[in-house]
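Enquirer: Build the full structure now, drawing on both the sequences and the hints.
Chains as they are written, first to last, in my numbering: chain A, 1 to 221; chain B, 1 to 462.
For the record, the hints were derived by calculation from the structure and aren't laboratory data.
Some clues are possibly wrong.
Said to hold, decoys possible - Here are the simulated lysine-lysine pairs, DSBU-like style, with alpha carbons at most 30 Å apart: (1) B:Lys162 x B:Lys149; (2) B:Lys149 x A:Lys213; (3) B:Lys149 x A:Lys203.
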Amino acid sequence: MSTRDNILRRLRRGRDGWRSRGPSAVDERRPDAEVFADYPQGSEKAVEQFETKLAALNGRFYRAADLGEAARTLEDILAPLGGERFIAHEGSLIREVLAHLPELAWRIDGEEMLAATSDAFSAYAAGISEATALVARTGSVALNSRDAGGRRLTVLPPIHIVLARRTDLLPSIDAALERLGGDDLWSNAVLITGPSRTADIEKILILGAHGPKELHVILVG
Amino acid sequence: MAPSLEAQFHKDAAIKAGDLTHRDKILRAIGVNDEKIEALKASQFRDWEAARKLAGEIKDEAQARLPELLESFERGINARGGKVLWAEDAAEARHHVLEIARRHNARSFIKSKSMTTEELDLNEFLEGAGMKVFESDLGELIVQLAGQKPYHIITPAMHMSKDDIAKLFHEKLGSDRDAGAAELTMIARRLLRKEFVSADVGVTGANFLIADEGAVVVLENEGNARLAMACPRVHIAIGGIEKVLPRMSDLALFLPLLSTSGTGQQVTCYNSIVRGPRAEGEADGPEHFYVILLDNGRSRLYGREPFRQALRCIRCGACLNACPVFRAVGGHTYGTTYQGPIGSVITPHLRGNGQWHHLPYASSLCGSCTSVCPVNIDLHHLLLENRRDADERRELGRFWPLAMKAWAWVMARRERVEWAGRLARWGEGLTPLFVPRRKRKRIPPLARRSFAEEWRRHEHSR
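Expert: Here's what the structure looks like:
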């Protein structure tokens, strides 16, 4: 008999000896708004709350009225990085924004480099990806490996820039999970809440432990 | 002969309890956490008590359906090209890891923080098999360099000051003797970045196993677990069989719950959900994804009422921080993978070799652990149950049964109690002869008159 069968059999036998099994399913989940005191109310409040939360986590938030303004914002973020090169996933939103930045385009590598070696990947000063959702309650960004340009783009470059549309801003983790779960294609998803950090030494907060030191979120529309 | 585990525990506990520098470091670290956690519970949850009750119920549901949920999890992972392997014990899990390494010609491992892999002593084993292994969580790297085990399930280097760590890095890595926390973190980043981009296998733990989707969920702050599942060719996730949650949507509660209780964060920085190896059309990701489901005594605990409740545990470390005994004796004294109250509840069952029965006595039964547990485990009652369990097995000798008989005889009659009290007051001066000096306890003097005598005097004078 295999280990698998042994373990499962032992569990079933163990369960048979319980005094009572209790309910077989928890009587429907309570909506987030009932569990969490800081559940955002209303859509403008949601933008405000996302901004406040992200700022408290040392992330940077920008609101752009249109694609042109998003492009200028992106340019401003990248400006101090002089001669460095960047890597982007050419999702539909990023393509539209980059169309406004022809003079920057040659410094931004796209799809063909996303599969480069991790060594080559380490040379990029910033990675640009598209969010699946933003979570207003916690200031988190939800990304999936298919629509965000893979896994490394979100963690290897020292600066991570995320673009999102107004419709991507959701109130809660629950809503973000639902959106992620509705897509069957990705292999890896992540909820990113602020830049990489550690407090393993005397509980002192240090940003940029292994992942990006900076996280910028541009909300378009 | 080596001293028994129990004797060793008493020896280490006595040393640590008297070490005031140690106590200072621990109380400061825990104090910083406590304030954040309490504030966050109040600001984030409408009703923290209701939230943890709900979490306990969801975990109970997962337990009631555990075999079926594990099968569902396995189907999900296998359907997306991953592979689920089952391990009866640490040896079988280690064997799986080595087999995977051989199959894929792997020589180097990068590990993110995982208490489950601590059960396996995986680092020592892989190094013994000629592999290169790096811990990548900063706290884990620190204890790895120091040749120690994690001190605390969430904060492995809680017992070391910035200065201790600067000295360690200076000796092992040749860095500046006076390096600050930021500098030390950047040294670790640079050192490990090289290993991340070249390692063959990334090993992570699993905070949750999602049954309906077939997904592994990993929480962290540094980005090292994310790198471990992004860069290497092979990703191995190792998780205990009790880590199952029925639905993906349960994470909406459990992610904030674990982060709040563990580190005082609303959610940790990176919460990764892994459904498989690189999927078709994706830019990168490992070619191979394995999940090792570890039993290692858990199914034994599962079949034992009332102890199975402890399998709800999500390893947040809150009960360690709250425990006055943990604060006094420190994490290493326990000599276990899981320290503090939860460790003292589960270790005697998981190890099942009869050598850990002293652990439930390392508690004042004050109930602090129970009051902070985010999944509502009745920890101090389980500690009490463990004591009963231990006493049933323990060789009591002649003294205790006799002493208990004498006690019962005295307590049966009022006047005997009175006489015993008088006898105790008369012999009070002799007590230092019976209390070993090393216990250093100050024994308060007995009252000059018993309550009953006082009462009678009072009645007379009225």
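Enquirer: Each hint: holds or not?
Expert: Results of checking the hints against the structure:
A threshold of 30 Å between alpha carbons decides the hint, and for Lys162 of chain B with Lys149 of chain B the separation of about 18 Å falls inside it, so the pair holds. At roughly 29 Å between alpha-carbon atoms, Lys149 of chain B and Lys213 of chain A fall within 30 Å of each other, so this suggested pair holds. Distance check on the hinted pair: Lys149 of chain B and Lys203 of chain A sit about 19 Å apart at the alpha-carbon level, within 30 Å; holds.
The structure fails none of the hints (numbered hints given earlier).
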